[in-house]
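Novice: Produce the entire structure from the sequences given, and follow the hints as far as they go.
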Amino acid sequence: MADLSVHIKDLLLKNPVLTASGTFGYGEEYADFMPLEALGGMVVKGTTGLHREGNDYPRMAETPSGMLNAVGLQNNGVDYFCNTIYPRIKTVDTHIFVNVSGSTIEEYIEVAEKINTLEKIPGIELNISCPNVKEGGMAFGTSCTSAEAVIKAVRKAYNKLLIVKLSPNVTDIAEFARIAEAQGAEAVSLVNTFLGMAIDAESQQALLSTITGGLSGPAIKPIALRMVWQCYKAVNIPVIGMGGIMNAVDAIEFLLAGSAAVQIGTANFIDPRVTLKVIQGIEEYLDRKNIPSVKELTGSLKENR
Amino acid sequence: MCVKKRILDLTIISKRWLNDEFFVFDLTSVEKLPEMLPGQFVQVLVSNSHSTFLRRPLSIHERDYEKNSLSFLIQIVGNGTRALSKLKEGDTINTILPLGNAYTIPDNDGRYLLIGGGCGVAPLLFLAHTMNKKGIRPDIIIGGRSKEHVLRSADYKKYGNLHITTEDGSLGEKGFVIHHSLLWKENNHYDRIYTCGPEAMMKAVAKYARKKQTSCEVSLENLMACGIGACLVCVVKTREGNKRACIDGPVFNVDELTWQI
Numbered sequence: 231m232a233d234l235s236v237h238i239k240d241l242l243l244k245n246p247v248l249t250a251s252g253t254f255g256y257g258e259e260y261a262d263f264m265p266l267e268a269l270g271g272m273v274v275k276g277t278t279g280l281h282r283e284g285n286d287y288p289r290m291a292e293t294p295s296g297m298l299n300a301v302g303l304q305n306n307g308v309d310y311f312c313n314t315i316y317p318r319i320k321t322v323d324t325h326i327f328v329n330v331s332g333s334t335i336e337e338y339i340e341v342a343e344k345i346n347t348l349e350k351i352p353g354i355e356l357n358i359s360c361p362n363v364k365e366g367g368m369a370f371g372t373s374c375t376s377a378e379a380v381i382k383a384v385r386k387a388y389n390k391l392l393i394v395k396l397s398p399n400v401t402d403i404a405e406f407a408r409i410a411e412a413q414g415a416e417a418v419s420l421v422n423t424f425l426g427m428a429i430d431a432e433s434q435q436a437l438l439s440t441i442t443g444g445l446s447g448p449a450i451k452p453i454a455l456r457m458v459w460q461c462y463k464a465v466n467i468p469v470i471g472m473g474g475i476m477n478a479v480d481a482i483e484f485l486l487a488g489s490a491a492v493q494i495g496t497a498n499f500i501d502p503r504v505t506l507k508v509i510q511g512i513e514e515y516l517d518r519k520n521i522p523s524v525k526e527l528t529g530s531l532k533e534n535r
Numbered sequence: 615m616c617v618k619k620r621i622l623d624l625t626i627i628s629k630r631w632l633n634d635e636f637f638v639f640d641l642t643s644v645e646k647l648p649e650m651l652p653g654q655f656v657q658v659l660v661s662n663s664h665s666t667f668l669r670r671p672l673s674i675h676e677r678d679y680e681k682n683s684l685s686f687l688i689q690i691v692g693n694g695t696r697a698l699s700k701l702k703e704g705d706t707i708n709t710i711l712p713l714g715n716a717y718t719i720p721d722n723d724g725r726y727l728l729i730g731g732g733c734g735v736a737p738l739l740f741l742a743h744t745m746n747k748k749g750i751r752p753d754i755i756i757g758g759r760s761k762e763h764v765l766r767s768a769d770y771k772k773y774g775n776l777h778i779t780t781e782d783g784s785l786g787e788k789g790f791v792i793h794h795s796l797l798w799k800e801n802n803h804y805d806r807i808y809t810c811g812p813e814a815m816m817k818a819v820a821k822y823a824r825k826k827q828t829s830c831e832v833s834l835e836n837l838m839a840c841g842i843g844a845c846l847v848c849v850v851k852t853r854e855g856n857k858r859a860c861i862d863g864p865v866f867n868v869d870e871l872t873w874q875i
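Top line first, the protein sequences correspond to chains A and B.
Going by our numbering, the first sequence opens with residue 231, and the numbers climb by one from there.
Going by our numbering, the second sequence opens with residue 615, and the numbers climb by one from there.
For the record, the hints were derived by calculation from the structure and aren't laboratory data.
The structure presented is a predicted model; accordingly, all values stated were derived computationally and were not measured.
Glycine included, each C-beta is placed from N, C-alpha and C at the ideal position.
Heads up, some of the hints might be wrong.
[As the list claims (entries may be wrong)] Taking lysine to any residue and the SDA-like style, the derived pairs with C-alpha atoms no more than 25 Å apart in a straight line are:
| # | chain 1 | residue 1 | chain 2 | residue 2 |
| --- | --- | --- | --- | --- |
| 1 | A | K507 | B | I621 |
| 2 | B | K857 | A | A261 |
| 3 | B | K618 | A | I319 |
| 4 | B | K851 | A | D430 |
| 5 | B | K851 | A | S295 |
| 6 | B | K618 | A | D501 |
| 7 | A | K463 | A | V479 |
| 8 | A | K320 | B | K618 |
| 9 | B | K851 | A | S433 |
| 10 | A | K364 | B | K851 |
| 11 | B | K857 | A | Y310 |
| 12 | B | K817 | A | K320 |
| 13 | A | K364 | B | T852 |
| 14 | B | K761 | B | D640 |
| 15 | B | K618 | A | L266 |
[Unchecked claim] Partial chain A-side listing against chain B, Cβ under 7 Å, derived:
| # | residue |
| --- | --- |
| 16 | G255 |
| 17 | D262 |
| 18 | E283 |
| 19 | P288 |
| 20 | R289 |
| 21 | M290 |
| 22 | V301 |
| 23 | Q304 |
| 24 | C312 |
| 25 | F424 |
[What the hints assert, rightly or not] Computed footprint of chain B on chain A, listed as stretches where at least three residues anywhere in the stretch have a Cβ under 8 Å from a Cβ of chain B:
| # | stretch |
| --- | --- |
| 26 | 475 to 486 |
| 27 | 495 to 505 |
Specialist: In structure tokens form, the structure reads like this:
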């Protein structure tokens, strides 16, 4: 049987399949359907300094092969996470990463410092790419100088594994991966959602209360794959790839393009057991191809035909 | 409600058209179906549709424990429900169930009213049946555009005192359900009112209930992605902040909501 384990710097994941922030709650929502400890890791819901109500309903629109969301980082704030949610989930035998979000650099620092004190959280995913908040979020991830400033500040405040989640809403995403690497991030994850929009022609209204929202699902997969490949070429730190992965074949494509690990997001909404199927499918693929370790897949795209 | 949620393939054992836009599926499983409560729903995968992506939440319309079956009352409203309407007896549907909370089932033999319109009558049949098993015979008002759109009246009659309204007056009283004379009789009092249907209708019912100082439970039909509490798109504004229609609902007491009524 092939070895499914992968490293993100010194952290050993039992397999390369993680759940994407905002699509898997705190894991508890999925416990009826699957053993959470089967996962390589979980990235839990975006967490901010204070409680956030998020955007008004409607927050979602189904689109061809995908969906737009405009949740707007609804969460109960970092103290609630530390005091109420963390004690409930810390015993789950998988790596739990907290997606750290904010409107200001000070807020990012505050959240990162508080998460830093949690023994069973080995890393954070710095979210500089949320397209659904008026302040902060994607604003940090689409300007080189802001990205550099926030990553630098959080790096100082946080001494465990720092993953930076990149926005695809930029001209050259590899530039942002290089900034993350230069500022001391241990990994980059990409892509967050693409800024999009949907309109109901009959009512002549936007389908989202915020008019624009973030597009996810298979519709974005080819673009996400391209961006993962570009970042893999640009940096030496691990790339965690995501964007429309619905099955094991999709995940393998992301590994070939340069991902050390993958995240599964929107697919969890349709099949709560999809992550298990992806893990199993990767293992079967490796066995079939006589590849001893999944690590060998990362970036092994054959570029010459 | 602590019944474990499951992913199950159900087989269509019966398909009946009620008119040109509404149909009923009865479904069963090789496995024993879990306990379900009136007001709960099921997330249905529409695997024969290329133009839809997410599951469709459907109310549990009936639940027959002897036959190990459940039913959906489905209205064709878009590509997903149109694709479902093409399925035939013997076809299977992948489902996640049972989901959401439930209507409050009273123990005492009080006076209860079930009131719904359009496809909103779907969960009320299961509710009426469940009340009936407890020896309660509620008043039921259902409405539709015309007599062809008054759905399953013979079945509602089995479980309660049925009253009908149609917008064109072709059956029962003319008007909307909220206009039915039963509601406006002097000294008419209920211990609780249960409603499901278009939001404007539910708000009218909620307003009536508030005026009468009667407890009122509504079932919301918010758009959902996951249906299991993770995605936070089906949020409802309540007096305690945002709640999820899929986990904290779909049934809410009107007093929990921030409706301007």
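Novice: Return the numbers of the hints above that this structure violates; sort them in rising order.
Specialist: 5, 12, 24, 25 and 26
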